[in-house]
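Peer 1: Sequences and hints are given; from them, build the entire structure.
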Amino acid sequence: MTSILTADGIPLKDSLRKAERGRRAKAFLLVAPLLLFVLISFVFPIFEMLFRSVDNPVVANNLPLTIEKLEKWDGTNLPDQETFSLVAKELLIARENSKVGKIAARLNFESGGMRSMINKTVRKVRKYKGNDYKKALIQFDKRWGKVVTWKVIKRIGQRYTGVQYLAALDLKVNADNTIGLQSEDRRIYVKIFLRTIWVSVLVTIFCLILAYPVSFLLATLPLRISNLLLIMVLLPFWTSLLVRTTSWIVLLQRNGVVNDILVALNIISEDGRIQMIYNQTGTLVAMTQILLPFMILPLYSVMKTISPSYMRAARSLGASPLTAFVRVYMPQTTPGIGAGCLLVFILSIGYYITPALVGGRSGQLISNFIAYHMKSSLNWGLAAALGTILLVAVLVLYWLYNKIIGIDKMKLG
Amino acid sequence: MVFPPYVGMGGKIAHYSFIIFCGFVFIFLIAPILVIIPLSFNAEPYFTFTEGMIALEPEAYSTRWYADIAKNPQWAFSAANSIIVAICSTFLATLLGTLAALGLSQSHMPYKSAVMGVLISPMIVPLIISAAGMFFFYSNIGLAQTLPGLILAHAVLGTPFVVITVTATLTGFDHSLTRASQSLGADSRKTFFKIQMPLILPGVISGALFAFITSFDEVVIVFFLAGFEQRTIPRQMWAGIREQISPTILAVATILVVVSILLLTTVEFLRRRSEKLRGISPS
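Protein sequence lines correspond, in order, to chains A and B. Once you know that position 178 of the first sequence is 178 in my numbering, the rest is easy, because the numbers rise by one and skip nothing. Once you know that position 236 of the second sequence is 236 in my numbering, the rest is easy, because the numbers rise by one and skip nothing.
Treat the hints loosely; a few may be bogus.
[Stated by the list, open to error] Only pairs whose alpha carbons sit at most 27 Å apart, straight line, appear in this in silico BS3-like list of lysine-lysine: (1) Lys13/A / Lys112/B; (2) Lys191/A / Lys69/A; (3) Lys403/A / Lys99/A; (4) Lys134/A / Lys69/A; (5) Lys69/A / Lys142/A; (6) Lys26/A / Lys112/B; (7) Lys120/A / Lys154/A; (8) Lys99/A / Lys124/A; (9) Lys120/A / Lys99/A; (10) Lys190/B / Lys18/A; (11) Lys112/B / Lys18/A; (12) Lys124/A / Lys89/A; (13) Lys154/A / Lys89/A; (14) Lys72/A / Lys151/A; (15) Lys375/A / Lys191/A; (16) Lys142/A / Lys89/A; (17) Lys190/B / Lys26/A; (18) Lys190/B / Lys403/A; (19) Lys69/A / Lys124/A; (20) Lys304/A / Lys12/B; (21) Lys276/B / Lys304/A; (22) Lys26/A / Lys194/B; (23) Lys146/A / Lys69/A; (24) Lys151/A / Lys134/A.
Since the hints were derived computationally from the structure, they do not count as laboratory data.
Peer 2: Here it is as structure tokens:
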């Protein structure tokens, strides 16, 4: 069988394939600049940052010989004389490269008090003239004489580590290398993760309860009126987040407008003013208002497409208004409910600004702790571990969203 | 309200309580934004309505907090930073985003959904994680605490909005128009500028406005990437709320509300115009 040829004698199939390839290359070239920009300046930096959660270079790079020696150590008796002199010498080298602060800080994250031990030791070793480092170090600080200290150094000396993830889940490695719970007063992150999820669930539910009737109203009113009302939904959407957060502070504080109204209406007494801000209530109220448009818009766009004749048919077949609504109307809005809830949940789980400004102590979410470890405590490894857990959660939800609704169906305004 | 004769008493009560509930939700949405406007004209340094204000006495109102903004060079300085960063990042985001959307909406585009996922990711990843990642990246290449660094960072955040709005405009696009233009002898450049561009322009502009407001309103990235010299308006407001909250903040907030009303009106106008334009083409 001879294949069909084009006018210049090339088989039609090949010619077509060539043309297709050209078009694909052209389409890809249009996308390429942005794709590269996003990959280089966004995706790659985030992966690099998250890598810090397992990356553990400080001790491994600055005390390499000590760590190598400790690899062969049995872990029951104190290390030998040579290990002691190695650690003393390597600490002195680290001092010359001004790395002692980093080593001390890294060890201190793992076991409180080791910062002072390292600093004291370095100070005294400089003046030490003798040869018996084992005796000298234990004399400088008696913790050098404990097996636990060496176990910590050995563990922190590993180039890659999972300890940050353990810390992020309130776990720690015990002295005997088993994994156990963190001491009671240091168990915070599981609580914070649960609080973040709890707050996000509540915000999502509140948004759904408030948004559903409003979207229904918008979808059933004549277009002229609903367009006007829609502006009231879109205006908060376009207003600066900081403006909205500021106005919630103004409204909800002790001497704020809401308390004033309640006092004027004699609902509460002058002394009974309610603390509504700088706590979890403040976070909940402000986040619900800020995220409400993200629930209304997808619900509205789904409800707009539902023909009113279905409800009328149900009524004429004898259903009560409630039955018609629950059995006929609501099932048709499920895509909108799914889209809105996922969107609001994804946004609230990573929320930072509002909890930071109006959350007080009890309203802080996981993002605020990531920011704290990034900017204040400088425990970047732990920040990266917390961030990875948060990001994985968000990406799973995003994947679900894409699966159920499709990212290309996302509409704005 | 006229009810059909079959609606009973219960139905009427249900309907009115539904309307009242919706009214409360609208108040909940809009009141926090509107309440700061009169409060910003308070003559006293309080965050609540004084008795004089409720009695509508003219002495109880003043523009002293607006004068305060004008007097403080820090606000003018942050406003300049905000506008420079927002305009430059919007330009970059719109240019790259529109090109990408043009490529993505072609049926020949390979790996479409994977590419789309990557391009949308700046909108999905929690800001704090983006900020932390960019902090290390821009520090390493020496662009932290500079305006170009901030512009690039904000441009990335703005691109998903441009991609989404322009792709949405292109979905209803009638490709026989471009074929018609080409068959009438226009080359592909002429076709793009004369046929495609005018039709997708409303989508491009509203995407650009989204990118603009994203940058103009952004504070977390600024928090990590900017030094004192690059402070923007939101960063300045953040400092104001955290350190010494004064009614000047309310005056700034009022100005921002006016800006957002203007932006919203523009976007709505463009959206309707776009629907009208596309309504002409049989899709």
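Peer 1: Against the earlier hints, flag every one the structure doesn't satisfy and list their numbers going up.
Peer 2: Going through the list in order, the structure violates hints 2, 3, 18 and respects the others.
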